[in-house]
Amino acid sequence: MDFRLGEKSDALRARTSAFLDEVLTPEMLERCYRTGTNHDADFAKALAAEGLLALDWSPELGGGGRDGAELLGYREEMQRRNAPVYAVGTTMTVAHVIASMGTPTQRDEIVPRALRGEIVIALGFTEPENGSDAAAAATRAERSGDGWRINGSKMFTTNAQIADYVFMLARTNPEAPKHRGLTTFLVPLAQPGVEVQEVRTMSGERTNITFYNDVYVEDAWRIGDVDGGWNVMGAAFLHEHTAAFVGEQMRLVEAFTAWAHEAHDEDDRPRAQDPAIRERIGRSHTEIEVSLLLQRRAVTRSVDSMDAHGRGSMAKLFSTERLEAQADETLELVGPDGLRAWGDPTTLQGGEIEHAVRNAKGTTIYAGTSEIQRNIIAQHVLGLPRPY
Amino acid sequence: VDVSPSAEQRQLIDAFAALYADGSPPEVVRAAEPLGHSPELWRSLLDTGVVEMAVPAALGGHDATLLDLALVAEQHGRAVAPAPLIEAQVAARLLASLGEPAAGVLAEVLTGQLLVTLAVRPVRGQRAELVPAGAVADAVLAYRGGDLVFVPTPGRVSPVVTLGSQPLADVVIADTDRVLASGSIALAAFTAAVDEWRVLTAAALTGLAARALEIGVAYVLERKAFDRTLGSFQGVAHPLADRASEVDGCELLVHEAAWARDEDPDRFGELAAMALGFAAETARDTSYYALHFHGGYGFMLEYPIQLYFRRARSWGAVLESPQASYRRVADLRMAGAS
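Chains as they are written, first to last, in our numbering: chain A, 1 to 388; chain B, 389 to 726.
Calculated from the structure, these hints are not laboratory results. All figures in this text were calculated on a predicted structure; none of them were measured in a lab. Please note that the accuracy of each hint is not assured.
[Stated by the list, open to error] To give a feel for the contact side, a few chain B residues facing chain A, derived at Cβ under 10 angstroms:
#: 1; residue: L455
#: 2; residue: P540
#: 3; residue: P542
#: 4; residue: P547
#: 5; residue: T550
#: 6; residue: G552
#: 7; residue: V624
#: 8; residue: L628
#: 9; residue: D719
Built from N, CA and C at the ideal position, the CB exists for glycine as well.
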């Protein structure tokens, strides 16, 4: 056993940190919070130019060829600093699917631009009537000449307002069992019949509902086999659940600790001397350590895919459930001043504490709800029957 | 990063798993109650060399790292073994760290003539209370008034029956007891020993939790209710999935803390406190659900899960609550900043 991340990982962390010092400005972070869009086109291009965009891709596909352990320094630093990489993440996930299983035309069209940080691809799985049960997608794709006509709607199409494409799961065979009648398409968004409607969330994050009314897609933009969409999804998102939410926890405890040193109680003692506050700070650091360890194990242990799936689910489940408790308890310990909202001139510690309360709730819902993660762990780690 | 045990560590784990399977099945654990000590088990552990292994080779030991000892303690915890393994090892290492003044005592400890334990909380007044392994030890090392003192137990021990059936005892300290170390040397040695006790106790609690989870999972796979396997209900499966995540995280944290003793000493104290706090909570919660999903059977003495439930709440509490462990984490992190 060795709990050092290693020289290569440390070097990558240092390089990432220096890059963020230069490029990630307070103004950029403020704009991401204010607009609710976790993307900055210049930042994405700079990340690509610095060679930090496709570190985990194989060199044959144009990537950095780094393994999971080497990447940890990079990943953890990006999380800690809140680098705006939501759209970059979805784009690179889909680009990797296309690079590995797309046609030559699809690869030539998408991969080089993705690697330069020039395009954005949003995800279109969730629908108004189905969330966790992605295979229940009702959006239809029907044959029309050499292509397909798409009709339906997608919910929480985050970044659709700035995206070039949506990677969509659509039903091509309503007669087949639900997992076997789905096909994936890369749908260009700038075309007639596409409507992007803004949806605002409690955290301030902007997302969308997107409507597709007789939208035409050439068959050339079908990814994978007809009715083989569920296999494509499996390949694309095998590792999606491996990410722990550690940056949010780190920023919250840093803000809480800074506040505790500055604030005083009615007897003029620093709040940092309050045992309840010290306990919460120590507990938060412990939970951050465990979240990091679960994440490190999930990305570094080479095991069979189902096993990896369960281990990733543990990192996601633990880190987000604990983040929620941290946010709520921190607010309670801070007291009334904690209510001063992000963006209000009187807010505490740049609004991190109030914002954490708004933001944490979403983390146990998106990227697979806690219930979905528990089902995966129950089945694939504990060997329990399919939960009912 | 490499979070997997090496081939040698794997061998160590397997060897002790076999020893405990043989020497500490639930019948032995029960038979040893309420004292919580099986002389036969302790003899076989001594014969295996568990005390020597904990001491540096230069002093006649086998040079095990704290990580090696933690892997053994995990197996100990899985079996909720009635033997003073952790206390004997921590006390031997403490004696070894004191050098010449403790050399005679250490020699007797290494020959197995003397079982020495550690009062893990500093002693105020004339009595060390609830000393772990105090009811079965020949002597206690106690930190009192800035001194580390050697307290022979004959005639000075009052065993106490406790929740977790541990051999705890209140021990009277005399002003004439021999001082082994004083001042900064005594404080540093005592602090290091208590941190090692934290890590090894956390390791035992992790093993306890992992085994309790297995017992709970096995039961809900076997038991049916409303014509379904109990474990297929989300109300049952989901709390177990949460506990599985905590148990895995706990094991990683304990291994990291034990590893840090030699490899990242600046973080050792903090990680030791994190490990004990988190392990005590994990063992508490895991044994809670594993027992609860047995229904009324879990509450019966006849079923082994109650052995785990009671010890989960006891082993760490001898030193401090999880809340106190977490405050210690904050103390160590915020020192200098406040």
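Status of the hints after comparison with the structure:
1. A hinted interface residue such as L455/B counts as satisfied when its beta carbon comes closer than 10 angstroms to some beta carbon of chain A; here the least separation is about 7 angstroms, so the hint holds.
2. Interface restraint check for P540/B: the shortest CB-CB distance to chain A comes to about 37 angstroms, outside 10 angstroms, so the restraint is violated.
3. This hint is violated: P542/B has a C-beta 40 angstroms from the nearest C-beta of chain A, more than the 10 angstroms allowed.
4. A least Cβ separation of about 33 angstroms between P547/B and chain A goes past the 10 angstroms threshold, and the interface hint is therefore violated.
5. For T550/B, the interface hint is violated, since its Cβ never comes within 10 angstroms of a Cβ in chain A; the closest pair sits about 25 angstroms apart.
6. Below 10 angstroms, beta-carbon pairs count as interface contacts, and G552/B has none with chain A, the closest being about 23 angstroms; its hint is therefore violated.
7. At its closest, the beta carbon of V624/B sits 8 angstroms from a beta carbon of chain A; the interface hint therefore holds under the 10 angstroms criterion.
8. Nearest Cβ of chain A to the Cβ of L628/B: about 6 angstroms, under the 10 angstroms cut. The hint holds.
9. Annotation: interface hint on D719/B holds; nearest CB of chain A at approximately 7 angstroms, less than 10 angstroms.
Hint compliance for this structure: hints 2, 3, 4, 5 and 6 are not met, and every other hint is.
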